[in-house]
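Chemist: Based on these hints, arrange chain G on the given structure of chain B.
Protein chains in written order, with the working numbering: chain B, 1 to 83; chain G, 1 to 83.
No lab work stands behind these hints: they were computed from the structure. Be a bit skeptical, because a hint or two may be false.
Any copy will do: because identical chains look the same in the list, a pair fits if it lies in one copy or spans two.
As the list claims (entries may be wrong) - SDA-like, lysine to any residue: derived pairs with alpha carbons at most 20 Å apart:
#1 K45 / M11
#2 K39 / E54
#3 K45 / D81
#4 K45 / E32
#5 K45 / R67
#6 K45 / G34
#7 K45 / A68
#8 K45 / R31
#9 K45 / A2
#10 K45 / Q24
#11 K25 / K45
#12 K45 / D66
#13 K39 / V7
#14 K25 / D81
#15 K45 / V82
#16 K25 / S46
#17 K45 / I29
#18 K45 / P56
#19 K39 / R67
#20 K39 / P79
#21 K39 / D81
#22 K45 / R58
#23 K45 / A28
#24 K45 / Q27
#25 K39 / E77
#26 K45 / E33
#27 K45 / V7
All values reported here derive from a predicted model rather than from experimental measurement.
Protein chains: 2
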Amino acid sequence: MARFMDVHSGMVGLTREQLQEAHQKDQAIEREEGVRFIKAWADPKSGKAFCLSEGPSRDAVLRVHDRAGHPTTEIYEVPIDVE
Amino acid sequence: MARFMDVHSGMVGLTREQLQEAHQKDQAIEREEGVRFIKAWADPKSGKAFCLSEGPSRDAVLRVHDRAGHPTTEIYEVPIDVE
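Only chain B is shown next, with the shape it has when bound in the complex (with noise of 0.2 Å):
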């Protein structure tokens, strides 16, 4: 299982209530692709988010957000973290 973050763009004005449907939307689906969404941050001024995710593969998470109606084509593998 590998962890991914994937960046939207476009997403201008959007609100908390939006974004926890889009995540919802996700996470309904998700277990069908072996992913798992985190969590996911957003900048209604600039219109960019992002999702942490865990999968077998980025396609799969990738699939997971076209399914649920809003695809990214940006992302990024991530192994490596530190707090």
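Modeler: Then chain G, alone, in the frame of chain B:
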């Protein structure tokens, strides 16, 4: 106190030890700017790194990175997060 995600590029081949060292350099001086670095993730293949922080302003966060020797200009305030 606001929350921020900043992005570094060009860190191809970054190791866990190097990320840990960079993160510790930030943490050693962050209080002087009223900033707290929470977590960082990196993709050694693409050379991207993402840092989650809290602080009084994006300039304060960028000043810490700058003073610690790994400046970036890409930063987003992320007032919304869900999990």
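Chemist: Determine for every hint whether it applies to the structure shown.
Modeler: Right, here's what the structure says about each hint:
1. K45 / M11: within (8 Å within a copy, 27 Å between copies)
2. K39 / E54: Cα proximity of K39 and E54: in one copy and across copies (10 Å, 16 Å).
3. K45 / D81: between (27 Å within a copy, 14 Å between copies)
4. K45 / E32: neither (33 Å within a copy, 28 Å between copies)
5. K45 / R67: neither (26 Å within a copy, 27 Å between copies)
6. K45 / G34: neither (32 Å within a copy, 23 Å between copies)
7. K45 / A68: Neither way: K45 and A68 sit 23 Å apart in one copy and 28 Å across, limit 20 Å.
8. K45 / R31: neither (32 Å within a copy, 27 Å between copies)
9. K45 / A2: between (30 Å within a copy, 14 Å between copies)
10. K45 / Q24: Result: close neither inside a copy nor across copies, 22 Å intra and 30 Å inter.
11. K25 / K45: Answer is neither; intra-copy 23 Å and inter-copy 30 Å both fail.
12. K45 / D66: neither (23 Å within a copy, 24 Å between copies)
13. K39 / V7: Both ways: K39 and V7 sit 12 Å apart in one copy and 17 Å across, limit 20 Å.
14. K25 / D81: between (26 Å within a copy, 15 Å between copies)
15. K45 / V82: between (28 Å within a copy, 17 Å between copies)
16. K25 / S46: Cα proximity of K25 and S46: none, with 23 Å in one copy and 29 Å across.
17. K45 / I29: neither (29 Å within a copy, 29 Å between copies)
18. K45 / P56: between (32 Å within a copy, 17 Å between copies)
19. K39 / R67: The answer is within: 18 Å in one copy meets 20 Å, while 29 Å across copies does not.
20. K39 / P79: Classified as both; 16 Å inside a copy, 13 Å across copies.
21. K39 / D81: both (15 Å within a copy, 7 Å between copies)
22. K45 / R58: For K45 and R58, only the inter-copy Cα distance (14 Å) is at most 20 Å; the intra-copy one is 27 Å.
23. K45 / A28: neither (27 Å within a copy, 31 Å between copies)
24. K45 / Q27: Neither, since 25 Å and 28 Å both go past 20 Å.
25. K39 / E77: Cα proximity of K39 and E77: in one copy and across copies (15 Å, 16 Å).
26. K45 / E33: neither (31 Å within a copy, 24 Å between copies)
27. K45 / V7: Both. Shortest intra-copy (15 Å) and inter-copy (17 Å) distances satisfy the 20 Å Cα cut-off.
Going down the numbered hints, you'll see the structure goes against 4, 5, 6, 7, 8, 10, 11, 12, 16, 17, 23, 24 and 26, while the others check out.
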